[in-house]
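Full structure from sequences and hints, please.
Protein chains: 2
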Amino acid sequence: MKSDTSTATTITPFINGSRLMDRHRAMAEIGATANGGVNRQALTSEDTRGRQLLLDWAAKRSYAVSIDPIGNLFIRRPGLRPDLSPVMTGSHLDSQPTGGRFDGVFGVLAGFEVLETLDDHGVTTERPMELVVWMNEEGSRFPPPTMGAAVASGAIPLERALATLDRNGVNVGDALAAQIGELPRLETRPLGAKGFAYIEAHIEQGPVLEEANCAIGIVSAIQGLHAYQVEVRGVEAHAGTTPLRHRKDALVAATTLITRIRSEIADPLDVLRFTVGRFEVAPGASSTVPGKVTFIIDLRHPDPRHLVQTGERILQLCSGEVENCSVSAKVLLRSAPVKFDEQVVAAVREATERRKYESRTMISGATHDAKYMAEHTPTAMIFVPCEKGVSHNEAENARDEDLAAGAQILCDAMLAVMSGKQ
Amino acid sequence: MKSDTSTATTITPFINGSRLMDRHRAMAEIGATANGGVNRQALTSEDTRGRQLLLDWAAKRSYAVSIDPIGNLFIRRPGLRPDLSPVMTGSHLDSQPTGGRFDGVFGVLAGFEVLETLDDHGVTTERPMELVVWMNEEGSRFPPPTMGAAVASGAIPLERALATLDRNGVNVGDALAAQIGELPRLETRPLGAKGFAYIEAHIEQGPVLEEANCAIGIVSAIQGLHAYQVEVRGVEAHAGTTPLRHRKDALVAATTLITRIRSEIADPLDVLRFTVGRFEVAPGASSTVPGKVTFIIDLRHPDPRHLVQTGERILQLCSGEVENCSVSAKVLLRSAPVKFDEQVVAAVREATERRKYESRTMISGATHDAKYMAEHTPTAMIFVPCEKGVSHNEAENARDEDLAAGAQILCDAMLAVMSGKQ
Numbered sequence: 061m062k063s064d065t066s067t068a069t070t071i072t073p074f075i076n077g078s079r080l081m082d083r084h085r086a087m088a089e090i091g092a093t094a095n096g097g098v099n100r101q102a103l104t105s106e107d108t109r110g111r112q113l114l115l116d117w118a119a120k121r122s123y124a125v126s127i128d129p130i131g132n133l134f135i136r137r138p139g140l141r142p143d144l145s146p147v148m149t150g151s152h153l154d155s156q157p158t159g160g161r162f163d164g165v166f167g168v169l170a171g172f173e174v175l176e177t178l179d180d181h182g183v184t185t186e187r188p189m190e191l192v193v194w195m196n197e198e199g200s201r202f203p204p205p206t207m208g209a210a211v212a213s214g215a216i217p218l219e220r221a222l223a224t225l226d227r228n229g230v231n232v233g234d235a236l237a238a239q240i241g242e243l244p245r246l247e248t249r250p251l252g253a254k255g256f257a258y259i260e261a262h263i264e265q266g267p268v269l270e271e272a273n274c275a276i277g278i279v280s281a282i283q284g285l286h287a288y289q290v291e292v293r294g295v296e297a298h299a300g301t302t303p304l305r306h307r308k309d310a311l312v313a314a315t316t317l318i319t320r321i322r323s324e325i326a327d328p329l330d331v332l333r334f335t336v337g338r339f340e341v342a343p344g345a346s347s348t349v350p351g352k353v354t355f356i357i358d359l360r361h362p363d364p365r366h367l368v369q370t371g372e373r374i375l376q377l378c379s380g381e382v383e384n385c386s387v388s389a390k391v392l393l394r395s396a397p398v399k400f401d402e403q404v405v406a407a408v409r410e411a412t413e414r415r416k417y418e419s420r421t422m423i424s425g426a427t428h429d430a431k432y433m434a435e436h437t438p439t440a441m442i443f444v445p446c447e448k449g450v451s452h453n454e455a456e457n458a459r460d461e462d463l464a465a466g467a468q469i470l471c472d473a474m475l476a477v478m479s480g481k482q
Numbered sequence: 061m062k063s064d065t066s067t068a069t070t071i072t073p074f075i076n077g078s079r080l081m082d083r084h085r086a087m088a089e090i091g092a093t094a095n096g097g098v099n100r101q102a103l104t105s106e107d108t109r110g111r112q113l114l115l116d117w118a119a120k121r122s123y124a125v126s127i128d129p130i131g132n133l134f135i136r137r138p139g140l141r142p143d144l145s146p147v148m149t150g151s152h153l154d155s156q157p158t159g160g161r162f163d164g165v166f167g168v169l170a171g172f173e174v175l176e177t178l179d180d181h182g183v184t185t186e187r188p189m190e191l192v193v194w195m196n197e198e199g200s201r202f203p204p205p206t207m208g209a210a211v212a213s214g215a216i217p218l219e220r221a222l223a224t225l226d227r228n229g230v231n232v233g234d235a236l237a238a239q240i241g242e243l244p245r246l247e248t249r250p251l252g253a254k255g256f257a258y259i260e261a262h263i264e265q266g267p268v269l270e271e272a273n274c275a276i277g278i279v280s281a282i283q284g285l286h287a288y289q290v291e292v293r294g295v296e297a298h299a300g301t302t303p304l305r306h307r308k309d310a311l312v313a314a315t316t317l318i319t320r321i322r323s324e325i326a327d328p329l330d331v332l333r334f335t336v337g338r339f340e341v342a343p344g345a346s347s348t349v350p351g352k353v354t355f356i357i358d359l360r361h362p363d364p365r366h367l368v369q370t371g372e373r374i375l376q377l378c379s380g381e382v383e384n385c386s387v388s389a390k391v392l393l394r395s396a397p398v399k400f401d402e403q404v405v406a407a408v409r410e411a412t413e414r415r416k417y418e419s420r421t422m423i424s425g426a427t428h429d430a431k432y433m434a435e436h437t438p439t440a441m442i443f444v445p446c447e448k449g450v451s452h453n454e455a456e457n458a459r460d461e462d463l464a465a466g467a468q469i470l471c472d473a474m475l476a477v478m479s480g481k482q
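Chains as they are written, first to last, in this note's numbering: chain A, 61 to 482; chain B, 61 to 482.
In short, the hints are calculated from the structure, not lab data.
Keep in mind the model is a prediction, meaning the values are calculated, not measured.
Treat each hint with caution, since some may be false.
Remember, identical chains collapse to one label, so a pair may be satisfied in a single copy or spanning two.
[Stated by the list, open to error] Each computed SDA-like pair below joins lysine to any residue, with the alpha-carbon atoms no more than 20 Å apart:
#, residue 1, residue 2
1, K416, I321
2, K352, A342
3, K352, T319
4, K352, E340
Put into C-alpha cells, the structure is as follows:
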C-alpha cells in the first residue's frame, strides 16, 4: 500500500458502544438456539433474515448496497472521490450449526458501527468506506470454509463453488438464488473485491488475550490450514451372522486409522491442530456392519514446512489397506500461512497505543476471510478476547467493553490508513 | 402345541416356483437402488408401495386383510372352521437403507405362494392360514428392530413404539397414519397375533448353508441380541485455536472407547458378534471439535450367560470418563436366546426329509420376527442359503431353486402341522 495523499479529517470520533450492543442482541435473535447460541448456517432462511436485518439498517443510512455472483454483500459509505478504491472492512453473518453470537457477527457489526459513527460525527473521507458480508465463512453446510472470500479472490472457481452440495443435495447456486429472491432488489457487481486496505475485526476464538488480560490482539498473520477428505471402504454385512474374521468393517478401520494418525503426528509442543469434526458412517443402521466411512481432517500449523510435511504423512497413512478396508484421501483445501501487511498492522498497533489498550501481537489460529483479501489488498486483523477462549460453541461469549474497544480500534485504524498516517 | 384333530387333506401340492420368482422381481422394483439392492425402509413411501402391491395380489384372491395398531398386516385364507386359531407364516417387506432383494421379502412371498398353491390345487384346510407382514423388522429408520412383532407380543408397549422418532423427528404413529391413508381401507384388529403354529421362511444371511451345500436350514433357535445406546459428551471448540491438551473431543473419546471395548470382550472362538453400525457425531462441522457422539452397540451370542456377562462389562466400560469426556449408556434391547418348538421343528425336518433336500439344523445368527411369535405360539423357521452369506447389502443374492425349495418346505410343513402329523 502506498501512502495516501487523502485530505480526510484526522478526527477519530468515539464509536457508540451501546448501539453496537443493541445490534448484537438483535442479530442474536435470528437463529437463536435454546442454549443461548445461534444456528444461522450459510444460505438458510436464518442467514437470509440476518442479512435482511443488516440491509434494513443500511437502508436507513441510504448506503449503497450490492452483491457479487457468489453472494458476498457490499455496503458502501461514499467518499469525496468515488474514483478511489475503498478502505474496507468486513466479516460474516453465517454461523456454525451450534455457533455463538459473536463469531463473524462482531466484525460485521463493528464495521457497520464505524460507518454510522462517521455519519453521526459528520466525518467525510476522501475514499469510500466499504463493509463486506462474506458468504459462507463457516463452511459447515457447504464445505469448504471462507468460500465467498476464496471465490472473490479467484482461489476457488465460481462454478465449482456454485455446484457444491449440502447434505440434502441442495447446491450453493440454487440456495443463493433463493436467498436473493427473498432479499430486496440488490445491485449486482462483478467478482473481485480489491481495496486500498482491509481490516477485519473478530473475536479471538482462543484463550490468549483473556489469559494475558489484553483488550486488543494485533493480528500479524494467520496459520495455515489443510483439509483432507478421507474415505474408508469396507463391505456391508449382517451384524448377527457375519463372523468378525470375515468382516470388512469400515468403522473399525476408520477408528484404527485415526488413532494411528494421531499417534504418528503427535506434536509435543501442542502447536499442531488436528481435528476430525465431520465423520459419517454408511449405511448407519445398527444391525449392519458399516460399508463406508467418510471423514474430514482439519490440520493447522503456523509453519508452512511443518504443515506440508504433516499433510504428506497423513496422505501416506490414508492410502492402501487398513483392517481389510481400502482407504483413500483427497485434498479439499491447502491454505498456506499468511503474513499480513506491515503498514496496516502498524496502523492497528498505533491506534491501540493511542487509546492505551493493553494489547498483544499474535498469529490467528483460526482462518478468516481476511486471508483471501491479503492476497491482493494490504490487510490486517483486530482481535478481542472471548470468554475462556470458547468458540464454535453456543456458550461463546465476549464482554461489552472489549467489543466496544475492538470497534473503536477498527474505526481509528481505518481512518489512519485512509489518511496515510501509518 | 397339541396334536390337531383336523380332517385337512394330506396332499402336499407343488408350489409354483416361476410365479414365486416373478413376484420377487416385481417387489424388487419398489425402492430399487442403482447397485441392484433395495431401499424400502419402514413406513416410507416405498414401504407403502410394497404393501400396496401385495394387497393388490391378495385382492385378486379375495383373501381377508386386516391391520393391527402397530401396522402389522394380516392376510387370511379361510379354513373350514373359522373358530379355530390359524396356522401362520410371515416375515417383513421393509429393508435396510442399502438392503437386498430377499431379506424378509422371501418369507412374505413364500407365505403368499403357499396360500395361492392351496387355492390352485383346491386344497381346503380345517384351520385358517394366515400370512403376517410385520411392521419395521429392520429398525434402521425407527429403532429397535422387530418392532411390530415385539409390540404384538407385548414386549414393547404400543405407546412407546408409536412415539419413536426417526432422524428427521417424524414419529412412528404419524408415519403409520400416513401409510394407512395411502392404502385401501383395511379392517382393523386388536394387538396380539397368537396362532396354532407359526413357521417363518428366510434367507440365512450367513455362509453356513452355502458352504455345506444344503438347500434347507432347519432353525432350532435364535441367538440372543442386546442393543446399547452410548453417549459420549465432550465440549465443542474451535479446531484452529484450541490446543489439544485443552480439548474434550467426543470423537477421540468414542474411538478410544470402541477400541477398548473390542479388546476387552474379544472372543477367540469368534462366536460373539460385536457391531457398531450407527455412529453419529455432533455438530458434524469440519472446523469444530465434536461435542457429542452417540452410537449403538449391537451384541449377539447364542449362550444367554455369556451374552449377559459381556453386556454388563460393556455397561461398565461405558460409564465415567474417557479422554476427558463423560460417557453413559442405556439398554435399548435385551433379547435372550430363543429355542423353537420341538414339534414344529420336527415338522420342518420331516418335510425336508420327504422332499430329500440336503439340510442342516442350525441356530439363527440374525434375530427375526419369529422370536416374538415363539413366546406364545409353537414356532420354527426355515432358512435357505444366500450367496456368500452376504446380507444387509445391495449385493444380497439367492438361487431360484433354493427359494423354491424353501417355499415348498414351508407349504409342506404348514400342512403337516395343520393335520397334526408331526
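Consistency of the hints with the structure:
1. K416 x I321: neither (46 Å within a copy, 56 Å between copies)
2. K352 x A342: both (5 Å within a copy, 19 Å between copies)
3. K352 x T319: Answer is both; intra-copy 18 Å and inter-copy 18 Å each pass.
4. K352 x E340: both (8 Å within a copy, 14 Å between copies)
The structure is inconsistent with hint 1 alone, although it conforms to all the rest.
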